[in-house]
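Participant: For reference, the chains in residue letters:
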Amino acid sequence: MADSIRLQVSRYRPEEGSAPTLQEYDVPLRKEWSVLDGLNYVKDHLDSTLSYRWSCRMGICGSCGMSVNGTPELTCGTFLADLAPGPVRVEPMRNFPVVRDLVVDIGDFMDKLPRVKPWIIRDDEPEPDGEYLQTPEELDEYKQFSMCINCMLCYSACPVYGLDPDFIGPAAIALAERYDLDSRDRGARERLDVLIEHEGVWGCTFVGECTTVCPKHVDPAGAIQRYKLKAAKESVKAFLLPRGAR
Amino acid sequence: MTKRRVEPILWLLFSAGGVLAAVFLPVLVVLFGLAFPLGWVTPPSHDHLHAVLGHPLTALFLFGLFALCLAHWAHRFRYTLYDGLQLKGSKGLITVLCYGGAVLGSVVSAVVLATVV
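Note that the protein sequences, when read in sequence, are chains A and B.
FYI, in this note's numbering the residues of the first sequence are 1 to 246.
FYI, in this note's numbering the residues of the second sequence are 1 to 117.
This is chain A alone, in the form it adopts within the complex:
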């Protein structure tokens, strides 16, 4: 194995008003080093002006998503040895405005997420003493969709979101499904009102890239198809039933 690998890192400094350019750095190639370790080496030893987001280094915080050789990846879970001999192109996540270097503006996602009300909604008054109980089977119903870490790789991979930024997007719909499937939740109706719109589930054309890139195997595309069936049933009811019965 060669002892170094070349990173081609996208640099964008808005105060200089320039278009993004690729800057090359040679970093040590070690078996256990991820792309994020390579970027940290650059920051510590070669160029302290490089900006990027990261936190936990273990695929939980969802901060270090970037485009690695054109594919949306968590850079802490993508290993340099797998990309040898390189070069490795590291760019900011696609479909988001770039703030600086590898840092993107996630404001749009942060605005969309609360619209699907991703929390447990109850209407019982007064609240019961103690917890809402749940069986392991009821937990299994939604567990897969609860693994989302909000890394936004699915938004970066979604061509529909790229073309139509109004689309509420894969992670938000998967999280809506996560709470709808939760036996403790009573908020399905409120979420449906948001997701039944054109910018909700109907924006999706089932390309499936969200599921391909998801580092936590959430399967947002599957969640969207399930949600479409739910929304379609409601719509058929609206066609067939009189107002009062809906």
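Hints are supplied without guarantee of correctness; some may be wrong.
[Stated by the list, open to error] Here are the simulated distance ranges between beta carbons:
1) A:Gln23 with B:Val103: 51 to 57 Å
2) B:Leu31 with A:Arg184: 47 to 53 Å
3) B:Thr42 with A:Arg189: 55 to 61 Å
4) B:Leu25 with A:Lys143: 34 to 40 Å
5) B:Phe32 with A:Lys237: 37 to 43 Å
6) A:Lys233 with B:Val107: 27 to 33 Å
7) A:Arg184 with B:Val41: 52 to 58 Å
8) B:His48 with A:Arg184: 58 to 64 Å
Hint data in this document are derived by calculation from the structure and do not stem from the laboratory.
Even for Gly, the Cβ is constructed at its ideal location relative to N, Cα and C.
Chain B: place on chain A using the hints.
Facilitator: Then chain B, alone, in the frame of chain A:
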């Protein structure tokens, strides 16, 4: 209160067509496109097939199959044209041509099937 929308209805037709196309079209294509012409399987006689096709239930099933497969095509092709080829400008025209084509194809299949029943 749920508003009345067309999109979910189109999607249901698309979904149903997708399932039917995946399950039945390969069978029909292999039988009538390969197995019978290449002699892998002895084909039923013309009279036999004609009688099967002449039964109203067969005709009804085939009509449903063709109409839904065409609806599936129309929905998929519409998005292929205006997302895939970036023809957003002619959205209305594409929509009319795709779904119109599916309706036309369904009418043609109904007419053809009606001549046999």
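Participant: Take the hints in turn and mark each one as holding or not.
Facilitator: Evaluated hints:
At roughly 56 Å, the beta-carbon separation of Gln23 of chain A and Val103 of chain B lies within the given 51 to 57 Å, and the hint holds. Checked against the hint of 47 to 53 Å, the pair Leu31 of chain B and Arg184 of chain A passes, with Cβ atoms roughly 51 Å apart. Between Thr42 of chain B and Arg189 of chain A the beta carbons are some 58 Å apart, a value that agrees with the proposed interval 55 to 61 Å. For Leu25 of chain B paired with Lys143 of chain A, a C-beta distance near 36 Å keeps the hint of 34 to 40 Å intact.
Phe32 of chain B and Lys237 of chain A have their C-beta atoms about 40 Å apart, which keeps the hinted 37 to 43 Å range intact. Checked against the hint of 27 to 33 Å, the pair Lys233 of chain A and Val107 of chain B passes, with Cβ atoms roughly 29 Å apart. Separation of Arg184 of chain A from Val41 of chain B is about 56 Å and conforms to the stated range, judged on CB atoms against 52 to 58 Å. At about 60 Å, the CB distance of His48 of chain B to Arg184 of chain A agrees with the hint of 58 to 64 Å.
Hint compliance for this structure: no hint is broken.
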